[in-house]
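Per this note's numbering, residue 4 is the first one in the sequence shown, and the count goes up by one each step.
Keep in mind that a hint or two might mislead.
[Claimed, not checked] Within a straight-line C-alpha distance of at most 30 Å, the following computed BS3-like cross-link-like pairs (lysine-lysine) qualify:
no.	residue 1	residue 2
1	Lys57	Lys136
2	Lys128	Lys33
3	Lys136	Lys33
4	Lys33	Lys57
5	Lys104	Lys128
6	Lys104	Lys33
No wet-lab data here; the hints were simulated from the structure.
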Amino acid sequence: MAEITGRQVFAVTVGAFGIIIAVNLVMAYKAISTFPGIEVANGYVASQDFDARKQAQLALGWQLTHTYRPGHLVLDFTDRNGLPAVLSDLEVLVGRATEAKDDFNPVFSRVSGEFVADVTLTRGKWIVVVNAKSPDGTLFNQRLDLLVQE
4 MAEITGRQVF
14 AVTVGAFGII
24 IAVNLVMAYK
34 AISTFPGIEV
44 ANGYVASQDF
54 DARKQAQLAL
64 GWQLTHTYRP
74 GHLVLDFTDR
84 NGLPAVLSDL
94 EVLVGRATEA
104 KDDFNPVFSR
114 VSGEFVADVT
124 LTRGKWIVVV
134 NAKSPDGTLF
144 NQRLDLLVQE
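Starting from the given sequences, assemble the full structure and let the hints guide the process.
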């Protein structure tokens, strides 16, 4: 049996730490390069009117449900009486939770009280960020998670 020398122990140690450092650098690069960015420019400023916006949104009494059928994303807004809610504006962002390269804004059409967009989503987790306005200008914001399994 061959004897282990100091040189061999040093080479194995340097090699092991080299692999660990290389993997950490690759993971750090991937984390930074795929991060979609900040949610708001200034969190403090955004927090100042959060409660007022939340109370105004709750006062609308709207409920939002979403479904995805292959080729179609459906949003259903109902008011406190279960009737289709009246919207004056609708903006939707669909994207991945971890990176911004797949983000897009689908165009919705009102069909039988629901909002439907022709959308083809690949398998995985998606987020749907909905911004709508009531006729009186009250903002409605909601972020929905969507898991596509097909």
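Each hint tested on the structure:
1. A threshold of 30 Å between alpha carbons decides the hint, and for Lys57 with Lys136 the separation of about 13 Å falls inside it, so the pair holds.
2. Proximity of Lys128 to Lys33 is assessed by CA-CA distance (about 18 Å); at most 30 Å being required, the pair is judged to hold.
3. Under the criterion of a C-alpha separation no larger than 30 Å, the hint pairing Lys136 with Lys33 is inconsistent with the structure, at around 37 Å.
4. For a cut-off of 30 Å, the pair hint linking Lys33 to Lys57 is broken: about 35 Å separates their Cα positions.
5. Taken as a hint, the Lys104 and Lys128 pair is honoured in the structure, with Cα atoms around 14 Å apart against an allowance of 30 Å.
6. Our distance criterion of 30 Å between C-alpha atoms is met by Lys104 and Lys33, whose separation comes to about 14 Å.
In summary, the structure is inconsistent with hints 3 and 4 from the numbered list given earlier, while agreeing with the others.
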